[in-house]
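Generate the whole structure from the sequences, applying the supplied hints.
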Amino acid sequence: MGKSDNRIDLYIDHAAVFAQPILNHLRMLVHEACPEITEKIKWGCPHFDYKGPVCHMAAFKNHCAFGFWKGALLPDLHHLVGEDKTHAMGHLGKLESVEDLPGDDVLITYIQNAVILNKEGIKLPKKDAAPKTELLVPDDFIERLVAADAGVNFEKFSTSKRKEYLDWFNEAKTEATRNKRMDTAIEWIAKGKSRNWKYER
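Residue numbering for the sequence shown is 605 to 805, as defined by the numbering used here.
Among the clues, some could well be false.
Here are the simulated SDA-like pairs of lysine to any residue, each with C-alpha atoms no more than 20 Å apart in a straight line [stated by the list, open to error]:
#, residue 1, residue 2
1, K723, P639
2, K674, T642
3, K674, L739
4, K765, L739
For the record, the hints were derived by calculation from the structure and aren't laboratory data.
Here it is in structure tokens:
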């Protein structure tokens, strides 16, 4: 048996009048497609899980939306989840009435296929990581690092921790402040301390 969530009842009750029949109908179809589905509220919206996220729905001021977690992997005989769809509005576009929904049989088939993906453990391909931007370390700071024999410690820091120091220098309003910050940074880095070490536990 599936698991319902009373918060979805409240979500639907508080939705606009036009949205309630749409949300109720979608919810019914999800349970019909997969009686073992588990209801959840995530990011403030109803989600339906079976061995992982399957689909979700949301009500807005003038429309509803419904989408599949792994829409890109679904067989798309009815062109519901193609790349040309506006996914911010869900895979079915703006839903303003029950008549805007695909036929029940069509939607049930898509939901069942989404469940099968989770049953078989098929995952979305990982997105390519954004190329790392090379941090520009000022020459005068490099000289200080070398002089204090602190370069090795600085290189051991993660990119984000190194960036915290560099941003601190760049935010200085005057050259004197910048130099003072660099001198302080060298003391801390020589001891293996990050820019915000005072706040770290």
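Hints, one by one, checked against the model:
no. : hint        : verdict
1   : K723 / P639 : 14 Å, holds
2   : K674 / T642 : 17 Å, holds
3   : K674 / L739 : 35 Å, violated
4   : K765 / L739 : 11 Å, holds
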